[in-house]
Amino acid sequence: MALSGAVLPWASAATAVVLAVGVYLALIASPPDYQQGETVRMMYVHVPSAWLASAGYGAMALSCAVGLIWRHPLAFASAKAMAPLGAAFTFLALVTGSLWGKPMWGAYWVWDARLTSVLVLFFIYIGYIALWEVIEDFGRAARATSILCLAGAANLPVIRFSVDWWNTLHQPASVARMDGPTMHSSILTPLLVMAVGFTLLFVVLTLVRTRTEIMQRRARALEMTRAGLA
Amino acid sequence: MAEYFAMGGYAGFVWSAYGLTALVVGGLIVWSIRGQAQAKARVAALEAGRATDE
Numbered sequence: 001m002a003l004s005g006a007v008l009p010w011a012s013a014a015t016a017v018v019l020a021v022g023v024y025l026a027l028i029a030s031p032p033d034y035q036q037g038e039t040v041r042m043m044y045v046h047v048p049s050a051w052l053a054s055a056g057y058g059a060m061a062l063s064c065a066v067g068l069i070w071r072h073p074l075a076f077a078s079a080k081a082m083a084p085l086g087a088a089f090t091f092l093a094l095v096t097g098s099l100w101g102k103p104m105w106g107a108y109w110v111w112d113a114r115l116t117s118v119l120v121l122f123f124i125y126i127g128y129i130a131l132w133e134v135i136e137d138f139g140r141a142a143r144a145t146s147i148l149c150l151a152g153a154a155n156l157p158v159i160r161f162s163v164d165w166w167n168t169l170h171q172p173a174s175v176a177r178m179d180g181p182t183m184h185s186s187i188l189t190p191l192l193v194m195a196v197g198f199t200l201l202f203v204v205l206t207l208v209r210t211r212t213e214i215m216q217r218r219a220r221a222l223e224m225t226r227a228g229l230a
Numbered sequence: 231m232a233e234y235f236a237m238g239g240y241a242g243f244v245w246s247a248y249g250l251t252a253l254v255v256g257g258l259i260v261w262s263i264r265g266q267a268q269a270k271a272r273v274a275a276l277e278a279g280r281a282t283d284e
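Those protein sequence lines, which keep their order, are chains U and W. Start counting the first sequence at 1; every next residue gets the next number (this note's numbering). Start counting the second sequence at 231; every next residue gets the next number (this note's numbering).
One chain only, chain W, in its complex shape:
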């Protein structure tokens, strides 16, 4: 197991590459979904005739 995580002595490079990719991909997913939820709420508020602060 420890040998697997050592990645033949290149653990720092291999895990950094995967970690950063996971971070960026995860960030894109969260950001895109939140953006959609906010836009949906904004349209719903406007259609309901309430005032928005934007």
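So here's chain U without its partners, still in its complex pose:
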């Protein structure tokens, strides 16, 4: 708690700076693509959102696993804190992808393996959040949601390899490849800066929300003692 409190202002400032530089590079300094023209600029918000949709889920699943194994409430609280963030970025990945799909593919949506598996990821996030809401007891809710979260993690490799396993309209990986990125640095640099900015934002908001979660638990405990005394 104390550590996250000390780190937060600095991390927030760093996030703001990286995002500002990222937006400048993405919208002004980078050139239009030789095939896609100006529409390539949508990639700088689409790809970082999609990255956090999966990586955020990975972090959440890891947190859930830690919670289940070591029974640490902090792990459950941080997983719960991450869920709405991951869901929001999954939503952004879907919608910005759709806005990019229309001019490039001629359709807002296709039932392609990549798009469908990301839509499934979005529903898993929603299910996880809903399950926290319906179970009142923290311990029971933490266990049930974590099991759901870990089961849902099976979808992550499906998303990652969907573009290789099936014939998709979505392009295959061009950054995280064994033989290195296949993009020119004029486009790769703004993309990486934006991805770092989005990731920092995710971390900062996770810290804020985990602290909130702990304060709420403390408030509930205080109310319990008060009710016991009355």
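The hints are simulated quantities; they were obtained by calculation from the structure and are not laboratory data. No incorrect hints appear here.
Here are the computed distance ranges between Cβ atoms for each label pair: (1) W/Y234 <-> U/G106: 24 to 30 Å; (2) U/V110 <-> W/K270: 44 to 50 Å; (3) U/V110 <-> W/Y234: 27 to 33 Å; (4) U/A65 <-> W/A275: 33 to 39 Å; (5) U/N167 <-> W/Y234: 34 to 40 Å; (6) W/Y234 <-> U/T189: 18 to 24 Å; (7) U/P31 <-> W/I259: 28 to 34 Å; (8) W/A275 <-> U/A16: 30 to 36 Å; (9) U/F138 <-> W/Q268: 16 to 22 Å; (10) W/W261 <-> U/V175: 27 to 33 Å; (11) W/Y234 <-> U/F123: 37 to 43 Å; (12) U/A16 <-> W/A274: 23 to 29 Å.
Computed footprint of chain W on chain U; a stretch qualifies when at least three of its residues, placed anywhere within it, have a C-beta under 8 Å from a C-beta of chain W: (13) 38-44; (14) 95-107.
Note that beta-carbon positions come from the ideal geometry of N, C-alpha and C, so glycine has one too.
For this one, chain U is given, so just place chain W on it according to the hints.
Chain W in isolation, oriented as in the chain U frame:
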């Protein structure tokens, strides 16, 4: 300038994508900070021994 905002004829798609992203990211920031402020106030009120309506 007008040419820049036209985004090669794809202004609607490009600016919608950025606008929506800004809206969602801004919303997440405001929502998370407000949630924290509310939780802080709730704990402070309880610790001060005052009754809360929740």
